[in-house]
Amino acid sequence: MVAKSNPATRHIVSINDLSDDEIETVFETAQGYLDLLPDKTFPYRIGRSTDVASPFILATLFYEPSTRTRLSFESAMLRLGGDVITSADPATSSAAKGESLADSVRVVANYADVLVIRHPRDGAAKLAAEYSPIPVINGGDGAHEHPTQTLCDIFTLRTKNKSLKGRNIAISGDLRGSRTIHSFVYALARFGANIMLMPAAGMGLPAHVDHRLREEFGCRTVSRDSYQRENAAVDALYVTPEEPHQLSLMSDIDADVSVKIRNKIDAVYVTRFQKERWAEKDQAYPTIDAKFLKEAKYSDASVMHPLPRVGELDISLDTDDRAVYFQQAAYGVPIRMALISLLLGLHKEKSFTTFDGGFPAPKTTIYQQPMGTGIHCANPNCIVQEPMEAQYAKNKFYAIGLDDPARSKLRCAYCESDIEHFVTANRKTKTYFSDTDHLRAAIASRALDDIILFANAAEAERAGFHAKRDATARRTGSGAPSTD
Amino acid sequence: MVAKSNPATRHIVSINDLSDDEIETVFETAQGYLDLLPDKTFPYRIGRSTDVASPFILATLFYEPSTRTRLSFESAMLRLGGDVITSADPATSSAAKGESLADSVRVVANYADVLVIRHPRDGAAKLAAEYSPIPVINGGDGAHEHPTQTLCDIFTLRTKNKSLKGRNIAISGDLRGSRTIHSFVYALARFGANIMLMPAAGMGLPAHVDHRLREEFGCRTVSRDSYQRENAAVDALYVTPEEPHQLSLMSDIDADVSVKIRNKIDAVYVTRFQKERWAEKDQAYPTIDAKFLKEAKYSDASVMHPLPRVGELDISLDTDDRAVYFQQAAYGVPIRMALISLLLGLHKEKSFTTFDGGFPAPKTTIYQQPMGTGIHCANPNCIVQEPMEAQYAKNKFYAIGLDDPARSKLRCAYCESDIEHFVTANRKTKTYFSDTDHLRAAIASRALDDIILFANAAEAERAGFHAKRDATARRTGSGAPSTD
Amino acid sequence: MVAKSNPATRHIVSINDLSDDEIETVFETAQGYLDLLPDKTFPYRIGRSTDVASPFILATLFYEPSTRTRLSFESAMLRLGGDVITSADPATSSAAKGESLADSVRVVANYADVLVIRHPRDGAAKLAAEYSPIPVINGGDGAHEHPTQTLCDIFTLRTKNKSLKGRNIAISGDLRGSRTIHSFVYALARFGANIMLMPAAGMGLPAHVDHRLREEFGCRTVSRDSYQRENAAVDALYVTPEEPHQLSLMSDIDADVSVKIRNKIDAVYVTRFQKERWAEKDQAYPTIDAKFLKEAKYSDASVMHPLPRVGELDISLDTDDRAVYFQQAAYGVPIRMALISLLLGLHKEKSFTTFDGGFPAPKTTIYQQPMGTGIHCANPNCIVQEPMEAQYAKNKFYAIGLDDPARSKLRCAYCESDIEHFVTANRKTKTYFSDTDHLRAAIASRALDDIILFANAAEAERAGFHAKRDATARRTGSGAPSTD
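Chains as they are written, first to last, in this note's numbering: chain A, 4 to 487; chain B, 4 to 487; chain C, 4 to 487.
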């Protein structure tokens, strides 16, 4: 028998690459593996219950340290009856010779049937997926996302709490550097939980994640005055509306909402200081311990952590009934077994391909920047900034919210960070525009090739464009040569 | 079919975790795999003769370099029909992010059915075993022990010599830094061999290993005068009594014994300078070569080495019939196949669990030091000294030989090194005692919580305790605050 | 069932270890795996179509970074139903403790059935093969050879062009540092292709490869004047005679040949600057891009690259129909499946052992230099120069072309580089000879033990030998002690 790749290759780069129904299917499939267990007590032993994956190979391509993600993927594949090939160390791979990720992926895709990638750059998994003929699963890309950890997290919460709707989930620590948190808050919003942020000082959610929660996932944020007066630790509270996924047009601050929030916390999610993503390595950081959890509102709160921990979660909690973090880790095997088997189409009755195909893509237009000029992704850790990938990862953006000047932005197609200010230049007229009407018009008339975007007016001027109404300013005020 | 862990989890941290009968069972099982071979000539090829381990996964968690131990364990598991997941490099694992061993083990235990660990710290395997729900096998922990190497060594000797009783085994090189040697001498003593030490200068057996050989394994040491006059190279000779495992109360030096020792050496065991465990990297080191082995007493001596070698064993011996070191390495596969299959209970007729459960535990009491005060393990390389493990590896000791002041000591529960001098303080009376009677009384009355041990009187004083009879000295002579 | 090693162990160190017929058998076997595919479109998915290798283990022992070679070997073994053990990083292997390759190989050979080795030193694979009881496959040794890459390359060319006879293959880049190129040009010559070299400045073929092409593979080189006037990029052109493998006695330069060469290029093989093999890291390097390939003679040229590339092959060619470099990588799996299964004798109808046994060994005599004196291999990167291997890799040479003083030379048995000038000393007469007659006579009379070779007269003098006719010069002019 010869293995055959799934004709419609699906990649899991973001948690939002899975529809709600597909996430439910992952959970059902994982529960199916757990139901086979003769002994249901934790820690779970997951034997090789099936040989469905036996002709298939999973490759791990890891450019950053990992124990649990890599080993749990490998264990999952082996327990499905499949095989594994591993590149765990960039220093011993062809990356050490200067090979681009795009080339490495196209090569390794010939040796395996599904590929798990971890990389220090935001958006690297998306780049890999663009070049891979086999399914790519994001095992963590920079500070962007870590969707399979979120599947374990949500599955753990669901097992404890049946439903996520209306649950209060507090999240503590480095919310900016932790990719795990970004995937997690999207999923919480989608399943109707309320998100209470308790960041370390200066480590709040990235602006673009906040924007998406409010503008795309319909979260309402609650006024500092009413709720936070009595909940000092909570920096921001996102209340998910009755119907998630509907763009909410209500104002950002809705004081009334606060009265509806139960004061009971259903889970506290703790994350470590991601020091590899920060220049300043010594920063104050909150610790969650038994004392913190003594308050009545935490009495039934599950204590969660993606691990590893390095001091921010006291080990005295290991014997506390509320601790579920080793269960999160244990669920890594059945969840990843489910994900692999669904991506490879190994279950007749259940498959991703029976769905429409993932979370609906943004109803937005993609714009690809010409090489060598114009706007760049502003995130210094984005994969497009990596010199080795320069030729493969072009600056590419989703144009978001052009109808509303206050919300219009460009979203990098790789790292999904936002650019809120830019100017639109017209190659034919050599003019540029500071509002977004011109970009909207170019999209409407399918004339994106005629335009080029710049970070600001000065850069457009330097490139030889002039402001719409001020044609005389052309090529003055700047000695820079004009280019097109 | 779903794998199920053995209900009574057994760990192999020390060679002394296996009873003599269990070691025999390992050898019988290994011989069974060898008997399946159509061609008995060396080097042995061990095919996959069985699929008994097919639903199981072995994980290797290596924090120190290894080729033969890791690859032979992996080969053994694969040849049993099982699967393997590997973490061979701490730099690419979550240890690089600062995760404790205790956490790593609890996580990886969810992904595998048996765990082999190697670590630069003495006692690390014991710590791992304390936290692991699945069997832990020590693949070498610092300078402490390497029990599976010893199983290969003893099996090699047995294959050559039928029985170990009364055999003379000379051991050359770094006896202090070599974990292999420590497991080996315990096994030699238990199986009745005589141990002749030929250490490099300053590299004799650690004091605690010497103590155990004499005080627990019943070895008698032989006077320098009588035997060593004609055997200048031999620094110490341990003669194993007729009935090993009986605590010998005879004096350390028994000149008469020497006359009974045959002058024939049955094996010379050579070990490399363990330079990774010594601050001073350039030290004189003995070389074993053809010239050394020309003496008549070595004419039938097997030449052994755990490998790797780095010059101390001349390669001219590779073609010498007495050389068995590549056979030791070759036996790694059947021995480890046997160990894995017995730990996982894969053989109906043979199993560790049919035995009483290992080498009898020390008939001693364990004492756990309160955090933050009191006595610490004196071995600077012990796992309890590792900052990352501080919260998991508490100072914990066996109280040994309290009946005999000359032999009373504390043995670290992790690295098994000894503390010979300590004082016992009573939290209630705030007094301390320099003899061991008070500790013995506290054990007898099950009042260990009332006492706290200190390295010496000065530290007890600093902590606010005073000598039993000198109550006026309390809190004088030291400006340190009192604590309890 | 118990695996049994092939009685006549074959190693693949050089492409020349395989006869032409055996290479054809590798290709047929590989094509057999491809023919099983239901979907023949590229990229190929190679499922586990067989379990023939199921009791066998392949070990990879890599001392240099690799992604494609290691992972494609592992994928190949898994797809044959076999298992894999991996040592990918010398820093985490026993090499970190100073173990020699010879010892590592003898140990690992007990854990596996076939061994793939990669090493930074030229000739390391040959050394490994000398010590290994199981088949060794060279996965790349220094700047020496990379035969399995060449099998993929030739298979790719054959698939495109049916036959290699008379094809024009241009090769661009670092022809000196690239081991891939060395195996490749031998194979091209053997299968009758014409080789057009387009080296980067100063990076031409090593002298010994050039010598072999001309003196052993019968290539004629073409005059600069006639051909190269219109093909400026081509530095050297080797035209393979009608009957390859016949020692050509014609002159090096044959101007007439040029007129017979078609001006059409069938393939351009590009290789990266092997900066790890050069002291000077910043050197001018040619880039192959769409513009370069615009000339009519390249219109049907396959564009090949062993990958990884680091800028010398423009990515705009990725979508060019002539690009076959990802196919070369994809063929890695079926080619290596074929090689492994043939080496292990897994196919009844096809096997290497049905052939006479490889490419005919050089009809030359091997000379082994006594330790500690005399001539050394002149290649500073040869494995014999590695201090850790000094005792295992003795200076050993093939004596080549002694009939013709202009062509006589010593070829290192490991790295195959040449020594063209040497003197032959006679231990009995204490005299030395600058011509090769004395060496030829010693070979003829089987008296190689009587002679010792030196790099030049001065070294022979220093060692106490004197020139044949000038006996009075003995031990004068040099204060060095005489030795034998």
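Hints are supplied without guarantee of correctness; some may be wrong.
Which copy is meant is left open, so a pair is good if it fits within one copy or across any two.
[Stated by the list, open to error] Below, simulated EDC-like cross-link-like pairs (lysine to aspartate or glutamate); rule was C-alpha separation at most 16 Å, straight line:
1) K278 - D238
2) K100 - E279
3) K100 - E298
4) K168 - D23
5) K294 - D317
6) K300 - D321
7) K278 - D24
8) K431 - D453
9) K165 - E27
10) K431 - E133
11) K353 - D452
12) K297 - D317
13) K294 - E352
Everything labelled a hint here was simulated from the structure, so no lab data went into it.
Status of the hints after comparison with the structure:
1. K278 - D238: neither (21 Å within a copy, 52 Å between copies)
2. K100 - E279: between (23 Å within a copy, 8 Å between copies)
3. K100 - E298: neither (55 Å within a copy, 31 Å between copies)
4. K168 - D23: within (13 Å within a copy, 60 Å between copies)
5. K294 - D317: within (10 Å within a copy, 61 Å between copies)
6. K300 - D321: Cα proximity of K300 and D321: none, with 20 Å in one copy and 59 Å across.
7. K278 - D24: Neither, since 35 Å and 51 Å both go past 16 Å.
8. K431 - D453: within (7 Å within a copy, 87 Å between copies)
9. K165 - E27: The answer is within: 13 Å in one copy meets 16 Å, while 52 Å across copies does not.
10. K431 - E133: neither (31 Å within a copy, 71 Å between copies)
11. K353 - D452: The answer is neither: 42 Å in one copy and 58 Å across copies each exceed 16 Å.
12. K297 - D317: For K297 and D317, the Cα distance is within 16 Å only inside one copy (13 Å; across copies 62 Å).
13. K294 - E352: neither (48 Å within a copy, 52 Å between copies)
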